[in-house]
Amino acid sequence: MTCLLWKDIFVDFYSRKFLLGFEQCADDLGGLNMGTVNFLWNLTKNYITFGLIGLTVSDRYASIVPVGGISMSPTFNPHDDSSKRSLTRDFVVVEKLCLEKYKFSLGDVVVFSSPTNHKEKNIKRITALPGDLVSTPHYDAVVIPEGHCWVEGDNQAWSLDSRSFGPIPLGLVRGRVTHIVWPPHRVGKVERMTPKSLTHF
Amino acid sequence: MRVLQYLSQWKSKAKDGIQQSLRIAKFLCLLHVTNNYIVSPVMVYGPSMLPTLNLTGDVLLVEHLSPLLGKVGPGDVVLVKSPDNPRKTVTKRILGMEGDSVTFLTDPSRSDRYRTLKVPKGHVWIQGDNIYASKDSRQLGPIPCGLILGKVLYRVWPPEGLGSL
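One line per chain: the protein sequences are A and B, in this order.
UniProt numbering numbers the first residue of the first sequence as 1 and each following residue consecutively.
UniProt numbering numbers the first residue of the second sequence as 1 and each following residue consecutively.
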């Protein structure tokens, strides 16, 4: 019973809204009058509301972003040549709830703003957390300082990551990647894993 | 018949409820967006900015648009996410942008030794006004621009210190 009622309410609400909109449209065909102004005003109001809600949700809870480039290759964008066409790129869900506590685990895939250009966002995997020891060809044995992390791409050959710019502050992290949602045949969870190529002591 | 009457009554009540909660949700969203993208009040305290800001606590108005547009410059007091603890925010003054070379005393209370270095790309050099009691770029190195949260506009509390910084 309740179920039906809710549905009723929604249908009622929306159909009325649509009808109203159409009526106004028909009215407005005559020329610019009070109705048009009203209609436009309502439209902008709706757009702004929608924008505010969208922005809040994407800031606080989750958002969907496209992944460009092949630096995370077996995990995202496995086919190198397709990364230019926007529809064949992978789209992923980024959850923001982890930003309340900044608690990350080894192997999480995170979005962070690049330390060399803050307008650019990168996606990489966390391979070491504060206190861990990392050794790489460029930096010999670095202890990750407090509040920092070490990020690396899954495609080691094509990735610009902590191996060139060093550990990054956790404050730059903008979210954790949880699922792939597009293209349809690649929908699925993003697994947490630790690459073997790194030497941890 | 009676049941239907009840139902319609209930329906209108539910409708009211939905509208009410929608209004509240919209208001909260507006609040979030203003707080995060336009201005927000922030309470700061501590000795690191001493002549400029009080030890016991000031309330500042922080504006978030200029870091997004990249319009912060040397001399601005900024709110920064602390590089060694992402849950903490600190207020410091920018002393050098990317490409600038900065000279600083390594340990002002004990010696006059100084160092000069160049700020790398995408980073800024921040320092507290009280060089004797401030943990800043002198210990942590230049910090990435992405950590800047906002630029301090005005002080609103205490009342005698009201005004721009």
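The set of hints was computed from the structure by calculation and includes no laboratory data.
None of these values were measured; they are calculated from a predicted model.
Glycine included, each C-beta is placed from N, C-alpha and C at the ideal position.
Treat the hints loosely; a few may be bogus.
To be clear about the criterion: a stretch of chain B counts as covered by chain A if any three or more of its residues have a C-beta under 8 Å from a C-beta of chain A, and this derived list gives those stretches [as the list claims (entries may be wrong)]:
{"hint": "1", "stretch": "23-32"}
{"hint": "2", "stretch": "38-45"}
{"hint": "3", "stretch": "69-83"}
{"hint": "4", "stretch": "134-146"}
Review point. Any hints this thing doesn't respect? Which numbers, in order?
Key: 2
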